[in-house]
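Given two chains presented individually in distinct reference frames, assemble the corresponding complex, making use of the accompanying hints.
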Amino acid sequence: ELKVEQNPLFLSMQEGKNYTIYCNYSTTSDRLYWYRQDPGKSLESLFVLLSNGAVKQEGRLMASLDTKARLSTLHITAAVHDLSATYFCAVADLYTGANSKLTFGKGITLSVRP
Amino acid sequence: NAGVTQTPKFQVLKTGQSMTLQCAQDMNHEYMSWYRQDPGMGLRLIHYSVGAGITDQGEVPNGYNVSRSTTEDFPLRLLSAAPSQTSVYFCASSYSGDRVSPLHFGNGTRLTVT
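Protein chains in written order, with my numbering: chain A, 1 to 114; chain B, 115 to 228.
Isolated chain B (complex conformation) (with noise of 0.2 Å):
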């Protein structure tokens, strides 16, 4: 199993352009989440989804859309980057049905918008 799978893995944007970072998990993981890291700040919550069709806003959503349309895949949308999107960029899955199931990470994005 590939476990969850992040694209691109670094991305240099300027100031206004748009882009989608991908993210697909082969596990069935009903539950999926994208985070930022930033330094000194931890990992702080965008955008999540509790299955296909449903996602909800997470502390920091402003200047990020997403969508859930099946269930391996939850892309994460910039439509304006901004100086202030630079980051990294985690994107992460576990299943709903197991109170233990922690979230399984990819390998992140490193985003510099400039």
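One chain only, chain A, in its complex shape (with noise of 0.2 Å):
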């Protein structure tokens, strides 16, 4: 059984300073996505990893898949309030292969403070 893990679940950043956060998956896979949440909204995808070694960046948010450590990192540059949001991964399960079935972490929730 596919399980994800995040961590850390909640995230207090500085405006500013840079932080990682991290998405550890239990079986090989060959697509992992992230997503952003708003309060009260839907989830906005932000980037889909494909291949070991893959980086995705956009804007201050950066993504690496490394599929050996089956480990995704999340890599927030200076960190600006607008970044405030809960961020998911997902994974999709190799054998089964659909997009449409996918494993989610419980979600990371990121607060950016002044």
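One thing to keep in mind: the hints can contain errors.
Computed footprint of chain A on chain B, listed as stretches where at least three residues anywhere in the stretch have a Cβ under 8 Å from a Cβ of chain A [what the hints assert, rightly or not]:
hint	segment
1	157-163
2	214-228
List time: in silico DMTMM-like cross-link candidates among lysine to aspartate or glutamate, alpha-carbon distance up to 20 Å [claimed, not checked]:
hint	chain 1	residue 1	chain 2	residue 2
3	B	K123	B	D187
4	A	K41	B	D212
5	B	K123	A	D93
6	A	K3	B	E173
7	A	K101	B	D212
8	A	K101	B	D170
9	A	K101	B	E173
10	A	K106	A	D93
11	A	K106	B	E186
12	A	K3	A	E58
13	A	K106	B	E173
14	A	K3	B	E144
15	A	K17	A	D30
In case anyone wonders, no lab produced these hints; they're calculated from the structure. Here the structure is a predicted model, which is why all the values come from computation and not from measurement. Yeah, the Cβ is synthetic: ideal placement off N, Cα and C, and Gly gets one too.
Set out below in structure tokens:
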């Protein structure tokens, strides 16, 4: 059974500083997704990571994937208030393959303080 | 394009009542799925479909039924609502022919069962 763990579950960040959050998964996969959710809103796709060593960047966020370690990291550069949200990673099981069947982590809530 | 449309946005049911949560997408996506989101639990897959006429169970299917008679629609039925089904429900869809395709989420239905 595929399990996805995110840590920490809550992170208070100071504006302007750098932080890294983590996503571990338990079985082989070829796809990992990062989503953002603002309070009371839907989920918005941030990154799709497909291969070992994949790195994607958008603004102050950079995501990477290490399939051997079954680990993805989301690095935040110079945190700003607009990044306050909950971030989910989700993994597709390699053998089922369907994008419709993703396993999500519990989410990491980021709060940026002045 | 409207994307993924869920109705209703909010619903209150009494224990034992039945209802159908509607989900429609206009992107011609083959894959569709239903997730529920509970505080501290992330998103958990209820049912999913890889195409019209094909459905399968996810992690938490008990108490829910689905059918997929068209590519566009994927309704979720609660046959006899229970307080444990109080949750926020998200419908999502994705394109099957592209490994990079993320899930596109609807805006959610907030269900309370009293």
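For each hint, the structure was consulted:
1. Counting residues of the segment 157-163 of chain B whose beta carbon lies closer than 8 Å to any beta carbon of chain A gives 5, which meets the minimum of three for the stated coverage.
2. Only residues whose C-beta sits within less than 8 Å of a C-beta in chain A count toward coverage, and the segment 214-228 of chain B has 9 of them, enough to reach three; the restraint holds.
3. For the given pair, K123(B) sits about 17 Å from D187(B) by alpha-carbon distance, which is consistent with the 20 Å threshold.
4. A hinted pair counts as satisfied when its Cα atoms are at most 20 Å apart, and K41(A) with D212(B) does not qualify at roughly 26 Å.
5. Proposed proximity of K123(B) and D93(A) is contradicted: the alpha carbons are some 31 Å apart, above 20 Å.
6. The suggested pairing of K3(A) with E173(B) holds, with an alpha-carbon distance near 11 Å, which does not exceed 20 Å.
7. With a C-alpha separation of about 15 Å, the suggested pairing of K101(A) with D212(B) holds against the 20 Å cut-off.
8. With a CA separation close to 10 Å, the supplied pair K101(A) and D170(B) stays within the 20 Å bound.
9. Distance hint between K101(A) and E173(B) is fulfilled; the C-alpha atoms sit about 10 Å from each other, no more than 20 Å.
10. Between K106(A) and D93(A), the direct Cα distance comes to roughly 17 Å. Compliance with the 20 Å bound is thereby established for this hinted pair.
11. About 29 Å separates the Cα atoms of K106(A) and E186(B), which puts this hinted pair outside 20 Å; it is violated.
12. Of the pairs offered as hints, the one joining K3(A) and E58(A) is violated, with about 27 Å between alpha carbons and a cut-off of 20 Å exceeded.
13. Of the pairs offered as hints, the one joining K106(A) and E173(B) holds, with about 14 Å between alpha carbons and a cut-off of 20 Å not exceeded.
14. Proximity of K3(A) to E144(B) is assessed by CA-CA distance (about 25 Å); at most 20 Å being required, the pair is judged violated.
15. Restraint check for K17(A) and D30(A): the C-alpha separation of about 32 Å exceeds 20 Å, so the hint is violated.
Consistency note: the structure conflicts with the earlier hints numbered 4, 5, 11, 12, 14, 15.
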